[in-house]
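Going down the list, the sequences are from chains W and H.
The first sequence begins at -18 in the numbering used here and counts up one residue at a time.
The second sequence begins at 522 in the numbering used here and counts up one residue at a time.
These are computed hints drawn from the structure, not numbers from a lab.
Each residue gets a CB set at the ideal place from its N, CA and C atoms; glycine is no exception.
Don't take each hint at face value.
[What the hints assert, rightly or not] With a cut-off of at most 30 Å between alpha-carbon atoms, the simulated DSBU-like pairs for lysine-lysine come out as follows:
hint, chain 1, residue 1, chain 2, residue 2
1, H, 530, W, 30
2, H, 530, W, 89
3, H, 530, W, 41
4, H, 604, W, 30
5, W, 89, W, 37
6, W, 37, W, 49
7, W, 30, H, 578
[Unchecked claim] Residues of chain H clear of chain W, computed beta-carbon distances all greater than 12 Å:
hint, residue
8, 540
9, 588
10, 596
11, 601
12, 611
13, 624
14, 631
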Amino acid sequence: GDSVTQMEGPVTLSEEAFLTINCTYTATGYPSLFWYVQYPGEGLQLLLKATKADDKGSNKGFEATYRKETTSFHLEKGSVQVSDSAVYFCALSDSDMRFGAGTRLTVKP
Amino acid sequence: DGGITQSPKYLFRKEGQNVTLSCEQNLNHDAMYWYRQDPGQGLRLIYYSQIVNDFQKGDIAEGYSVSREKKESFPLTVTSAQKNPTAFYLCASSPYLGTTSYEQYFGPGTRLTVT
Chain W
-18 GDSVTQMEGP
-8 VTLSEEAFLT
2 INCTYTATGY
12 PSLFWYVQYP
22 GEGLQLLLKA
32 TKADDKGSNK
42 GFEATYRKET
52 TSFHLEKGSV
62 QVSDSAVYFC
72 ALSDSDMRFG
82 AGTRLTVKP
Chain H
522 DGGITQSPKY
532 LFRKEGQNVT
542 LSCEQNLNHD
552 AMYWYRQDPG
562 QGLRLIYYSQ
572 IVNDFQKGDI
582 AEGYSVSREK
592 KESFPLTVTS
602 AQKNPTAFYL
612 CASSPYLGTT
622 SYEQYFGPGT
632 RLTVT
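The task is simple: from the sequences and hints, build the whole structure.
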């Protein structure tokens, strides 16, 4: 069945560092891809999405490109802030929604 | 403002008691979902419903029950049969058309502690 694999954390970066969180997927169809963010004690918030190959989703300085040839949707940000500290989930949606295990990011001042 | 509400934020129960978690949405979404999240873990699907008066088991339905009598409401009951009920519970909703599902919108969660 469909599945999502994302890099294990935790990831610790200094403020203004470059962020990459890897995400690869397995799907039989043509899924939509998402990144969600979860701040401590809260629900998940949609960060960005892409619905077809080569689409780039972007929001709040974060970007991810839907790469069908490598079945990937890596999350990137050029300069992280302390306020970006959270858990990030990659997800795909085809006939149902599948989430990755989450990657905890901590950004230190 | 449209959104999903879950209440209460924190819930404490004694072992052996059933407890019902509330989830309400005013987004006019057809589909609603319940997930369980354990510390440091991802999300596991408990139950979902694509239409009123219909619902399906997810990956970990044992020890849980749901109802969907109204489009906007999808309460989850954690029964005494659930062996390890202490967890963070998340409700979500999404538009759902045919076999295509869309992004899900999440509530703030309920943290259930059973002692």
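Outcome of the hint check:
At roughly 28 Å between alpha-carbon atoms, residue 530 of chain H and residue 30 of chain W fall within 30 Å of each other, so this suggested pair holds. A C-alpha spacing of about 29 Å is found between residue 530 of chain H and residue 89 of chain W, which places the hinted pair at or below 30 Å, so the restraint holds. Between residue 530 of chain H and residue 41 of chain W the alpha-carbon distance is near 28 Å, which keeps this suggested pair within the 30 Å criterion. Distance check on the hinted pair: residue 604 of chain H and residue 30 of chain W sit about 36 Å apart at the alpha-carbon level, beyond 30 Å; violated.
Taking the CA atoms of residue 89 of chain W and residue 37 of chain W, the gap is about 28 Å. The hint holds against a cut of 30 Å. Between residue 37 of chain W and residue 49 of chain W the CA atoms are separated by roughly 12 Å; this keeps the pair inside 30 Å, and the hint holds. Using a Cα cut-off of 30 Å, the hinted pair residue 30 of chain W and residue 578 of chain H holds, with the two alpha carbons roughly 27 Å apart. No Cβ of chain W comes within 12 Å of the Cβ of residue 540 of chain H; the nearest lies about 19 Å off, and the non-interface call holds.
Look at residue 588 of chain H: its CB is around 21 Å from the nearest CB on chain W, clear of 12 Å, so calling it non-interface holds up. Residue placement check: residue 596 of chain H keeps its beta carbon more than 12 Å from all beta carbons of chain W (closest about 17 Å). For residue 601 of chain H, the non-interface assignment is confirmed: its Cβ lies about 26 Å from the closest Cβ of chain W, beyond the 12 Å cut-off. Here residue 611 of chain H does not stay apart from chain W, with its beta-carbon only about 6 Å from theirs, under the 12 Å limit.
Not every CB of chain W is more than 12 Å from the CB of residue 624 of chain H (nearest about 5 Å), against its label as outside the interface. Some Cβ of chain W comes within 12 Å of the Cβ of residue 631 of chain H; the nearest lies about 10 Å off, and the non-interface call is violated.
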